[in-house]
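Letter by letter, the chains look like this.
There are 2 protein chains.
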Amino acid sequence: MKPETGTQHGSSRRRLLNAAKDLLWRQGYEKTSPQDVLTLSGVGKGSLYHHFPGKLDLARAALEEVSAELTEKSLSLLSGDDPPLERLRRWLMTPRDGLMGCRIGRLANESAVFEAALHDPIADYFRALEQRVTAVIAEAVETGHLPDSLPPVETARALMSVVQGGYILSRVHQDPTLCTNACRGAMAMLEALAGSRSAP
Amino acid sequence: MKPETGTQHGSSRRRLLNAAKDLLWRQGYEKTSPQDVLTLSGVGKGSLYHHFPGKLDLARAALEEVSAELTEKSLSLLSGDDPPLERLRRWLMTPRDGLMGCRIGRLANESAVFEAALHDPIADYFRALEQRVTAVIAEAVETGHLPDSLPPVETARALMSVVQGGYILSRVHQDPTLCTNACRGAMAMLEALAGSRSAP
DNA sequence: GTCTATACGGAGATAGAC
DNA sequence: GTCTATCTCCGTATAGAC
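Residue numbers (UniProt numbering), protein chains in the order written: chain W, 1 to 200; chain A, 1 to 200.
Derived from the structure by calculation, the hints contain no laboratory data.
Owing to the predicted nature of the structure, the values given are computational and were not obtained by experimental measurement.
Among these hints, one or two may not hold up.
It does not matter which identical chain is used: a pair holds within one copy or between any two.
[As the list claims (entries may be wrong)] Simulated crosslink set (SDA-like; lysine to any residue; CA at most 25 Å straight-line): (1) LYS21 x PHE114; (2) LYS45 x LEU99; (3) LYS73 x GLU86; (4) LYS21 x SER111; (5) LYS21 x GLN8; (6) LYS55 x THR71; (7) LYS73 x HIS173; (8) LYS21 x LEU75; (9) LYS55 x GLN174.
Whenever a hint applies, use it, and build me the whole structure from the sequences.
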């Protein structure tokens, strides 16, 4: 295991990355200044520009780590020997901090993301997640757990959107339960679809 | 009709508001500088601070207009004499510019929104929309167009989240069709639920 | 009401000592 | 490698002339 996990321990490079990951989550890219990262990490300005060419490169390195972590966690939730609907529920209903937002999706509206180097780690996460969710839905359809009128890819995108949009509802109303609530609504739809499957 | 609609026409106050509405949509609040607004509107700095105490107040006034416009448009799409599912479809599948994002929801992740004066117009829109979508879903359930295992509020929040999250998918992959795609997925779920209703 | 000129702080980065 | 001092530019706002 790596002992260099906290914001205040490990090499300067590691502390910068950990601080950047934290601040990118809490404030986003544009709102996070190099000074913020230095203050949180307890590192001097010289170290930052020694290890990274600039703010953008630090953010990219941080986001690559976040993307990998999130991908592993999400795919893990969607894996297992249990029925596909159960796996979907485990992913959809996993506890989320609605007020913080998705560590990756949170950045979607920043210009830097739209144009520059931050795009890749962000898109990678969404791509990997979409593939897996689509596969699980397809499996549910094939095994008769969901009606075959459901298009797997579109349905997967709808479910991913529920999660991302749920964060937005939580932020807008400053109510951490709304994200979970939206996911529960989507889960209710899936269950109703599963229930209806065995009728005819 | 009001002739003062464009960015380059009307009084200075109106031009400032129109420019601010445009830039808040395209860049968000934090990224938009007073100078940006002045350049786009063709107005001088003095006029801005004559009509508004500062950037925040200008943004709030602009967002109040956007919120009202969006509320009227959305509620209108959800109104009519046709069946509730048809109204839901009209709202869900209305054309959207995925790359631009929701003019209101786009701001959810900005700190200023979380803490300050911009909160009210944003929350107002989401509140009004949620009420209406919930009502239409409840009507669909009561009239037998959707199964009564669907909780109307949670389902409404899920559908609103699909729209908001769809914008995020579009932004992340820089593909304007993904937002529509996610909405289509949600619509497919609703239709499958409606279809299953008449079976037993 | 509208403009230009000016002020001040902080963002982002560099220089160079240690 | 890490630090402090320094630099430049821009975001935000004020002052005061017209």
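Status of the hints after comparison with the structure:
no., hint, verdict
1, LYS21 x PHE114, "both (19 Å within a copy, 20 Å between copies)"
2, LYS45 x LEU99, "neither (31 Å within a copy, 36 Å between copies)"
3, LYS73 x GLU86, "within (16 Å within a copy, 38 Å between copies)"
4, LYS21 x SER111, "both (18 Å within a copy, 17 Å between copies)"
5, LYS21 x GLN8, "within (13 Å within a copy, 42 Å between copies)"
6, LYS55 x THR71, "within (24 Å within a copy, 39 Å between copies)"
7, LYS73 x HIS173, "between (27 Å within a copy, 21 Å between copies)"
8, LYS21 x LEU75, "within (21 Å within a copy, 40 Å between copies)"
9, LYS55 x GLN174, "between (30 Å within a copy, 23 Å between copies)"
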